[in-house]
Amino acid sequence: MREMSRRNMLKFAAVAGMAGTAAACSGVGGGSGGGGGGGTDAGGSATLRYAWWGNNVRQENYTNALNAFMEDHPEITIETEFAEYTAFQERMTTQMAARNVPDLFWVPSAQVMTYYANGLFHDLDGVGTLDLSDYSDADIDGLRLDGVHNTMALGIFVPVVRYNATMAEEDGVTLPEGEDWSWDGFTEFAIDYAANNPNGRWAVNYGPDHDLTLEAWLRQRGEQLWTEDGQIGFTADGIASWLDFWENLRLAGAAPSLSEQDGVGADWSLIGERVLSYFGNSNHIIDDAQFFPEATFLLRNMPVAADATAGHPYLYTPRLAIYGDIDEANLEAAGTLLNYSANNSDMLRITGLTMGAPVNPRVAEEVTEFASPDEQQMLDAVSHDRALERNPRYEAPAGSSTWRTILTRVSEQVALEQSTTVDAATAMIAELQAAIERAA
Amino acid sequence: MATATTPSRRKSRLNRQGRAAHVFMLPWLVGLVGITAVPTLASLYLAFTDYNVLSTPEFIGLANFERMFADERFWQSVRVTLTYVLVSVPLQLAFALLLALILDRGMRGLTFYRSAFYLPSLLGSSVAVAVLWRELFGHSGLVNSALALVGIEGSSWLQNPQTALGTLVVLNVWTFGSPMVIFLAGLRQIPEELYESARVDGASVLRQFGSITVPLLTPIIFFNLILQTIGAFQAFTQAHVVSGGSGGPVDSTLFYTLYIYQQGFTAFDMGYASALAWVLLVFIGVMTAGHFLLSKYWVFYGD
Amino acid sequence: MTTQTVTPTAPPTGAAAASTTRRRPRRRGRSVARHAGLGVFVAFMLYPLVWMVTSAFTPESEILTGPLIPEEFTLENFINGWNSLTRPFWVFYGNSFVVTISSIVGNLFSCSLTAYALARLTFKARNVYFGIVLVSVMLPMHVLVIPQYIIFSQFDLVNTFVPLVLPKFLATDAFFIFLMVQFIRGIPRELDQAAAIDGAGPFRTFWYVIFPLMRPALVTTTIFTFIWTWNDFFTPLIYLTDQSVFTVPVALSSMVDAESNSGIGMLLAMSVLSLIPIMLFFAFAQKYLIRGITTTGLKG
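Protein sequence lines correspond, in order, to chains E, V and B. Start counting the first sequence at 1; every next residue gets the next number (this note's numbering). Start counting the second sequence at 441; every next residue gets the next number (this note's numbering). Start counting the third sequence at 744; every next residue gets the next number (this note's numbering).
Bear in mind the hints are in silico, worked out from the structure with no lab data behind them. In this text, all values refer to a predicted model and were calculated from it rather than measured experimentally. Glycine included, C-beta positions come from ideal geometry on N, C-alpha and C. Some clues are possibly wrong.
To be verified - Some chain V residues well away from chain E (every beta-carbon gap over 10 angstroms; in silico):
#1 His462
#2 Val493
#3 Phe509
#4 Arg574
#5 Leu589
#6 Gly591
#7 Gly606
#8 Val610
#9 Asp641
#10 Arg647
#11 Ala672
#12 Gly685
#13 Pro689
#14 Ala707
As the list claims (entries may be wrong) - If the Cβ cut is set under 10 angstroms, some of the chain V residues that face chain E in the computed set are:
#15 Asp490
#16 Leu494
#17 Ser495
#18 Arg513
#19 Phe514
#20 Gly578
#21 Ser595
#22 Leu598
#23 Gln648
#24 Gly650
#25 Ser651
#26 Phe708
Said to hold, decoys possible - No farther apart than 25 angstroms at their CA atoms in a straight line, the calculated lysine to any residue pairs in the SDA-like style are these:
#27 B/Lys1030 x V/Val473
#28 V/Lys736 x V/Leu634
#29 V/Lys736 x B/Ala938
#30 V/Lys736 x B/Ala943
#31 B/Lys867 x V/Val473
#32 B/Lys1030 x B/Leu1016
#33 B/Lys867 x V/Val654
#34 B/Lys867 x B/Ala943
#35 V/Lys736 x V/Val654
#36 B/Lys867 x V/Leu634
#37 B/Lys867 x V/Ser735
#38 B/Lys867 x B/Ala938
#39 B/Lys1030 x B/Ala943
#40 V/Lys736 x V/Leu667
Build the full structure now, drawing on both the sequences and the hints.
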């Protein structure tokens, strides 16, 4: 593609001429700072492009944090590239095709291996400005892809059950504890709560499409999402049992219908006041709790089945990478910024902990000084799972980047009673398998 | 000179017009070569390749096209799109033409009505539409609240695969203001003298409508028909915004272009996406050519 | 389909008659009925917009669950939204205006020239060119985005408005060429022929005869370009990465993340604000739609 557009350069020169004219007469004159690629000059200064996603709150916090970084490092200029999650991925895809990728960028979870397979990540061994002295070998091993250390973690998420303690108190209930905190125990509690609470509340959102909790379910069964060699790590039985778990709750009235919660991905602002608990990521409490400031939210780690496979807990790490084809002159500066992002509590003081608990043990200790109560909940939930024995976890292979969309679709089919859970699970595996084979 | 008849003079006039025409079309020609043609031809080539956006395209012949036959989601997107086109275009144009005719003749509050009908089109396919549509068609939205008054308990129209596409048809019809403005512009262009002389001849209003308004408006009706049809085939943003890009529930709003987008931008299968795009192009092309052939029988041009 | 769309032209006799004759008492009843009918229809159509405006003034937590008229009136959504992206929202307004106005100028200039050539001048391969115009309306944009992005990024034009505006000056919005061709073909040939007899060449004929007579088409093009450019999201999203050059839709999309659920209040408030320029523009531009060929055309 690049070749093709080069060949057309001559023809296009005419267009470029027009570009100048048009810009001049319409008064746009390239009126924008930057114009793309990072650059360096003799003075050792560097311009870096930093891309991330989120909502406007996160946009503002990270912009402030990056500005603070620039004040400390006047030789480094950061050009920010922000968009919401879906738009971020659209833009990244386009930029990758043109090999015009930001120098540092967040990596969407389903695309880790796709990006990796296409050389988008720079090897971090030998980036002198990146300080790894606080980390244990296990921490770094957890980040390696195919044995290469080429991304850093923005933080750690674990799957949790978040519940509204204010509601529980009003309704005079307590969630099952200890050995009763199992999937069956939860189901029993949930059905009972929904049937008997005086306010007509549901016990939980209908959430079969949530990736982190599904992964917890599978790992307790001795399955996993993906295998080390880039294949599907779960069986149709595994998915079907997961869908059955949710159908059971929905049919018993413990969870809302798709209609009542506005789709499989429940709208929190819509159902937050009507559900006691919610299956989600540990970090979501930070944004979601603010929606209902008068209520107190608490986190529970995943229920554990009596026969759960040893080593089932896991940590999910959203990743931050340096672009593989970064101008090598900018690499040291990029390392400095990466260091600031991963190993510095000053940054987290500004951004908050929406991207999870720090991996760096020293930083994880430091942030407890300023963590809000909700953030402290999150930190505790992560520490709990982090202290447990954990089997390795592998990222989604190339070709599987649509797996969450497929999961959503089969969840809809089941919830709308268009398909049995077993048929839906089988169809999901077949579709994914075909996509992975095509990408191979 | 303009009415020259001898062959050589006629030829020179043609040449002169030909040169002038190319001068007039220069910006468009430059844009065609520099901006449109290269990407178009690139996408044509990519349709015959396996191209994951990141690595080099690999030529695979007709494999992408063969894949479509067995691709259930492809057929689902064809069904969704055809249904949408066949239902929403006639409805939207009917509303647009009817209201343009009503508003064309002077009446009190004309400006207000025209603006009011146009307002929904101004909103375009802004992200706010997703919120609006949920407020209207969601579980406890306006429609269900109205139904509850007559004792019918409804569930979300957006989350029901039987009705989700219907809400997008309503969204399209709701924005009938755009073709209405084009109709209004067309009505304005009909020379008033024609009506005056018709009145002098004692033609009834109905007669004037049948023999002046309709024939002279046919180029614009034709234009709106073609463009709204092409637009409906390419409908994307509405479904993208309302379903959050999934085409759900259960692919019931999986528009063809949404499927192209999912393949190209989410599944990184730009080769297949390009093949899908060219199938659509050929289909719309054949259909438009058919419209043009038929137009000889009903479209009247002033020239 | 063709016949379906033409048949609903059931003549609104009342409407046509009322206009051609002076308003008479016995028509008053019918007029009242028409206004009532239209009024109900307008109310129905505008309800979603009314909801949007009132919700913009509602505290965020009550938007989806509360009544239409908020119990508590607040400006919080506007204040939060205006400053939500680390710079005041007028920056995005400014960018949107520059892009929109430039696009209008570009489309009016390039499309009218091309349309005139295709509609009125006789030359070889005219039909081929016209066919190309139509085909370029038909190709879905999503497969063109990446090759086009590659072209513009090769010239280091990312984060400028050039990739958004230059194509308009080069008539890539073939829709408008088609629109104008249809309109020009509706202009009686006698007018050009009269100009030709007076010795005018194609350029003079275009400028003094056709261009002024195209006014409804030009106004339509202006209105449509304004709305489409103002609302366009995908293209600016891809070409504009620096927040200082964001246009309004890109800024709006940043307010609600697919992964989280807050921000609806700000989104609605800023959407309402972003509608105001288009509404004002439309109210202004539509005045120019009302005069027809007899008054402006022959004077021009």
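Can you name, in rising order, the numbers of the hints this structure does not satisfy?
2, 4, 12, 13, 14, 19, 23, 24, 25, 27, 29, 30, 33, 36, 39
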